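Dock chain B with the ligand against the given chain A, drawing on the hints supplied.
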Amino acid sequence: MSRPEHTGPPELFYNEKEAKKYTANNHIIEVQTKLTERALELLALPDDEPCFLLDIGCGSGLSGQTLSDNGHYWAGVDISSHMLDVAVDSEVEGDLVLGDMGQGLPFRAGSFDGAISISAIQWLCNVDKKSHNPIKRMAKFFTTLYAVLARGSRAVFQLYPETPDQLELLTQQAMKAGFTGGVIVDYPNSTKAKKLFLCLFTGPSNQPMPKALTGNEVQQNNQVRFESKREKFREKAIKKGRQWILDKKERQRRQGKEVRQDTKYTGRKRSKAF
Amino acid sequence: MKLITHNMLTSKILKNVVTGYPLKIHAVKAELKKADFQPDFIARMIKKIDYKTLYQAAETLGYAEGMPKTEILNEEDMNNEETLKKLHEVLLEIEVIEGDLECPETGRKFPINNGIPNMLVNEEEL
Ligand SMILES: C[S@@+](CC[C@H](N)C(=O)[O-])C[C@H]1O[C@@H](n2cnc3c(N)ncnc32)[C@H](O)[C@@H]1O
Numbered sequence: 001m002s003r004p005e006h007t008g009p010p011e012l013f014y015n016e017k018e019a020k021k022y023t024a025n026n027h028i029i030e031v032q033t034k035l036t037e038r039a040l041e042l043l044a045l046p047d048d049e050p051c052f053l054l055d056i057g058c059g060s061g062l063s064g065q066t067l068s069d070n071g072h073y074w075a076g077v078d079i080s081s082h083m084l085d086v087a088v089d090s091e092v093e094g095d096l097v098l099g100d101m102g103q104g105l106p107f108r109a110g111s112f113d114g115a116i117s118i119s120a121i122q123w124l125c126n127v128d129k130k131s132h133n134p135i136k137r138m139a140k141f142f143t144t145l146y147a148v149l150a151r152g153s154r155a156v157f158q159l160y161p162e163t164p165d166q167l168e169l170l171t172q173q174a175m176k177a178g179f180t181g182g183v184i185v186d187y188p189n190s191t192k193a194k195k196l197f198l199c200l201f202t203g204p205s206n207q208p209m210p211k212a213l214t215g216n217e218v219q220q221n222n223q224v225r226f227e228s229k230r231e232k233f234r235e236k237a238i239k240k241g242r243q244w245i246l247d248k249k250e251r252q253r254r255q256g257k258e259v260r261q262d263t264k265y266t267g268r269k270r271s272k273a274f
Numbered sequence: 001m002k003l004i005t006h007n008m009l010t011s012k013i014l015k016n017v018v019t020g021y022p023l024k025i026h027a028v029k030a031e032l033k034k035a036d037f038q039p040d041f042i043a044r045m046i047k048k049i050d051y052k053t054l055y056q057a058a059e060t061l062g063y064a065e066g067m068p069k070t071e072i073l074n075e076e077d078m079n080n081e082e083t084l085k086k087l088h089e090v091l092l093e094i095e096v097i098e099g100d101l102e103c104p105e106t107g108r109k110f111p112i113n114n115g116i117p118n119m120l121v122n123e124e125e126l
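So the protein sequences, as listed, match chains A and B. Residue numbers are given in our numbering: position 23 of the first sequence equals residue 23, and the series is strictly consecutive. Residue numbers are given in our numbering: position 22 of the second sequence equals residue 22, and the series is strictly consecutive.
Since the hints were derived computationally from the structure, they do not count as laboratory data. All values derive from a computational prediction rather than experimental measurement. Honestly, I wouldn't trust all of these hints.
Stated by the list, open to error - In silico DSSO-like links for lysine-lysine, alpha-carbon gap of 27 Å or less:
hint, chain 1, residue 1, chain 2, residue 2
1, B, Lys52, B, Lys12
2, B, Lys15, A, Lys129
3, B, Lys109, A, Lys136
4, A, Lys129, B, Lys12
Looking at chain B on its own, in the form it has when it is part of the complex:
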């Protein structure tokens, strides 16, 4: 699981969960996998991502250094090549391989195996 996906994932499918966001990351194993840098894409995603969640996730995994310390990114950050490169690494290159995601409202855990979060739930949980 890359952090771009974590930034979008919720546990709202669970019965009685209101926002189910952000999911807490417990990482047992994470890896850095190089990916092509596309500044256009990162600039586009900046408008979509929840930066606070991204920062926290990166911090949990020990990769926050170099990220702007702010709640919301401003114009300047979006045009800064170094910032875009750092965000590229955080969004697309860091991957959680083993661990789990925890629903902030119910504590329900979703295991991550082989890099894939398991969001399947039992019929009773829906």
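So here's chain A without its partners, still in its complex pose:
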């Protein structure tokens, strides 16, 4: 498969025709939705709280749509006006800004509760103009990203690096900007399903890294995961049985949160007599 990054700058590759083709493709919609759901899980946002998120390289809003479906609000930045115009046409709920992440993010400090970026930052490795210096652009991007995130929040990037060097360079520049964290490889043993996520923390470095997926997980409560969370925010979950607690703890472990071990007492009613 040829890489779009080889064909020229992103604002030219994602022209009107490509933007429409991309957004109408069912396979692409499905893939981007799944990647965003996983990124959202890795963001480990506080449970059941609608957040204000940044979507970097938001394109026509496929990734953002998943954020909205999960009850969050978002602003997106993209360098292709054609992709953003398609987002406007599809009436996405997020707000859109035309900008180049390599020039820095134009927001004030602490604006966002988290950031995601789906299939976009590998573009930062490109040299599309004579004046482009990828390392300088990465440094500008990560330092401004660090600043626009609320303290303690995360940024999760799903990316397609062309070489291991590219991934290392991006990670290095992120750490230089003050982030901690690292790379998570889901389904490492499958060439087709393998996916890379750069998971960055603004908080202390002693946070456990989230667990990668291997494909051997017990399938848990898909229904709950895919129904719109909007409703859930309104009428907060009332029943908290054992399975509910186990599911929630498993989710939190995969997000890299510290969770108490399950025991036979988990989810049991405590006896009143003490």
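Below, chain B with the ligand alone, put in the same frame as chain A:
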């Protein structure tokens, strides 16, 4: 561009600009688009937004009526349903469709077309 985004946008990426905030709004066309009211979200955002900037922006667009006239919102405002509803409208429902944003320090203008502010700058401006 919704006012929630305007409340966060700066022109700091420009060379020699210190804060680049708030950006002055020149609106040619604005619209009101209904959005679901989520009081939890508005209450959460109140702690993050710069209220003075929000008030001024709403005033420029002619929607300030009904907003508390103050520099900073207090506990009472945050628990008042009517206030939250008004802030919801101002933050999430009003959209600037055409116009521009002006850097308060350099006067550099960023055009807004089709509801999208264009924050791209030339390499010489960085
Ligand atoms: C494969 S698309 C993904 C879009 C969206 N995140 C999704 O999941 O559908 C990659 C996007 O990254 C954007 N992009 C590439 N380089 C960029 C840059 N320097 N600044 C902002 N966006 C950029 C492209 O314009 C394109 O819309």
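Review point. Any hints this thing doesn't respect? Which numbers, in order?
Key: No hint contradicted; all consistent.
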